[in-house]
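Asks: Take a look at the letters that make up each chain.
2 protein chains.
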Amino acid sequence: MKIESLNNPHVKEWCKLKEKKYRDQEGLFLIEGEHLILEASKKGVVKKILSSSIEVDADFYVTEAIMKKISSQKSIPKRIAVCEKLKEEKIKNRLLVLDAIQDPGNLGTMIRSAVAFGFTDIILSLDTVDLYNEKTIRASEGMLFHINFVKIDLNDFLKQIKKDYQILATDVKSGKKISRIVKKENVALLIGNEGQGLKEELKKQATDFVKIPMQENCESLNAGVAAGILMYEMSDLNA
Amino acid sequence: MKIESLNNPHVKEWCKLKEKKYRDQEGLFLIEGEHLILEASKKGVVKKILSSSIEVDADFYVTEAIMKKISSQKSIPKRIAVCEKLKEEKIKNRLLVLDAIQDPGNLGTMIRSAVAFGFTDIILSLDTVDLYNEKTIRASEGMLFHINFVKIDLNDFLKQIKKDYQILATDVKSGKKISRIVKKENVALLIGNEGQGLKEELKKQATDFVKIPMQENCESLNAGVAAGILMYEMSDLNA
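Just so you know, the sequences run in chain order A and B. Okay, so the first sequence: first residue is 0 according to numbering that gives the first Met the number 0, each after it adds one. Okay, so the second sequence: first residue is 0 according to numbering that gives the first Met the number 0, each after it adds one.
If you're looking for bench data, these hints aren't it; they were derived computationally from the structure. Take the hints with a grain of salt, since some may be wrong.
Said to hold, decoys possible - A few chain B residues facing chain A, derived, Cβ under 10 Å:
#1 P8
#2 A64
#3 M66
#4 V114
#5 F116
#6 S173
#7 G174
#8 K176
#9 Q214
#10 S219
#11 A226
#12 I228
#13 Y231
#14 E232
#15 M233
Glycine included, each C-beta is placed from N, C-alpha and C at the ideal position.
Build out the structure end to end from the sequences listed, making use of the hints.
Replies: The following block contains the structure:
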C-alpha cells in the first residue's frame, strides 16, 4: 500500500506511538533500522513495516517526509516497524530488578549487559522509565528481544520471591565484595534509581548486601556501569 | 560586582564558553553547581564565581535571566564558576587510553570509573570529544578533578611508552579473559570508539589482548560499561 499524505490516518496513528500514552493504549511501539527489525522479526512481534524505498520489503510505502515525521532519528532509517509489545512470561532463575531507573539510555544499557551476562528476566518497577521509549530501545541494541520483562510493584514482587531467591542489594558501607559472594541458583540483583538509590522498603527485602570496591575519593559509579560490573561478577562465564 | 544587563561584555564572554572553540581559545571552561565548584576549588582552578543569590559567596552577582542564559541546565544552579583548563602532568603507571570516544556522557562515565578503580591518567586521542563539554563534566560527577589528562596523537604516544608499559586492547575472538591476565606495574588500557572500535594501527601497538566473556547472542557491551568492567578487573582493590 502506498501513502503520500502526511495527513493520512495511518501516519497520524504511527506518529502517536512516539508517546508513551498511545503506546500503552494501543499495545504497540516503533522500532527503526534493519538490525532492530531483524531481532524483532525473530521474536515474531513485527506487525507492519514502512519504508520510503520501493527496493525493500514493506507493507506500506510512504514518502520521505512521512518517514521523517515518524522517525526519532536525525537521518531517516531505511525501514520503520510497528511492533506488538512483548508478552510477560514466567520468570526463571536470574533476575535483574530495577527500581525507578529514570534515564532511558541507562535502562537500554542495562538490558544489553543483562543479556550479555546470562540474566533471564528484568523486573521493572511501576515508576521505571518506559521500556518502549525509543532511546531505551536504541541503547539496548536489540537485546530487549532476548530477555523477559515483567512490570510490577517491586515490594509485592520481592515478598513473593523471597523464600526461593537470593536477593542482592548494594551497600557501599556494609556490603561484601561482590567477587566474594557465593551465588545461589536463583538470584535477583536489585538496582536503585540513579540519584536516590534503592528505596528503603526494598532494601529491607535483600538477603545479601554487596559492594564494588572503589578508591575513597570516588563516591559512586554510573548506575549502568555499576549494574554491568555486578552482573559480570554474577555471570557463570568468568570461571 | 553586580551585573544586570544581558548585553554586558562579561556575560557575552561567559556564554561563549559553552562552545569548544572559545574554550580552546581562552583556556577556560564553565562548571555549574556546588559539588563541582567544591571539587574545582580543591584543585585550585576556579577563576570567577557567578551567582544570582546575594546569600552566597561570588565574584559577580547577576540576574536570574543572566544565569539562565549562561547555564546549560534546565533549572539554574545556585552558582556557576569559570575555571582554568587543567594542566597536563607527567604520566604515572595506570593509564586509560581513549581513541575517538564521541559521546560526552560516555567520556564522563569513563572518567568516573577510572578514578574509582585507581587509574592515574587518561590519555585522549585528538579526535575524542571535548573534555570540557558540559555533559562530560556533569557525567564525570566532579571526578575529572582527580585524575591527570593528556591529549595527544595516540600512535606516537603508544610507540613512546611501549617498552615500559603493558598495553591491553580488547579482542572478542582471540582475547584472554580479563580476569586471567597478569597485570604489570605499568599498564595502559586501550578503549576504542563506540561504533567503530579501536583503530587498526593502534591495535597493532597492543602487547596483550583481552576480552569480557559474554553470552553468544550479545555481540558487545556499551563502551562505558565495557571500560568499567575492564578497569574494575585491573583494580588492586578486588583481591
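Asks: Each hint should be assessed against the structure and marked as holding or not.
Replies: For each hint, the structure was consulted:
1. Checking P8 (chain B) against chain A: minimum C-beta separation of about 35 Å lies over 10 Å; hint violated.
2. Annotation: interface hint on A64 (chain B) violated; nearest CB of chain A at approximately 28 Å, more than 10 Å.
3. Because the smallest distance between the Cβ of M66 (chain B) and any Cβ of chain A comes to about 22 Å, over 10 Å, the interface hint for this residue is violated.
4. For V114 (chain B), the suggested interface contact is upheld, since its CB lies about 5 Å from the closest CB of chain A, less than 10 Å.
5. Restraint check, F116 (chain B) versus chain A: the minimum CB separation of about 7 Å is within 10 Å; hint holds.
6. The beta carbon of S173 (chain B) is not positioned within 10 Å of any beta carbon in chain A (closest approach about 17 Å), and the interface hint is therefore violated.
7. The beta carbon of G174 (chain B) comes no nearer than 13 Å to any beta carbon in chain A, farther than 10 Å, and the hint placing it at the interface is violated.
8. The beta carbon of K176 (chain B) is positioned within 10 Å of a beta carbon in chain A (closest approach about 7 Å), and the interface hint is therefore held.
9. The criterion of a C-beta within 10 Å of any C-beta in chain A is met by Q214 (chain B), whose closest approach is roughly 5 Å, and the hint holds.
10. Restraint check, S219 (chain B) versus chain A: the minimum CB separation of about 7 Å is within 10 Å; hint holds.
11. Here the hint on A226 (chain B) is kept, as its CB sits about 8 Å from the closest CB of chain A, short of 10 Å.
12. Taking 10 Å as the C-beta cut-off, the interface hint given for I228 (chain B) holds, the closest approach to chain A being about 5 Å.
13. Using the Cβ-Cβ criterion of 10 Å, the hint placing Y231 (chain B) at the interface with chain A is satisfied: the shortest such distance is roughly 5 Å.
14. The interface hint given for E232 (chain B) is met, as the beta carbon of that residue sits about 9 Å from the closest beta carbon of chain A, less than 10 Å.
15. Given hint, M233 (chain B) at the interface with chain A, is violated; its Cβ is 12 Å from that chain's nearest Cβ, farther than 10 Å.
The structure is inconsistent with the numbered hints 1, 2, 3, 6, 7 and 15, although it conforms to all the rest.
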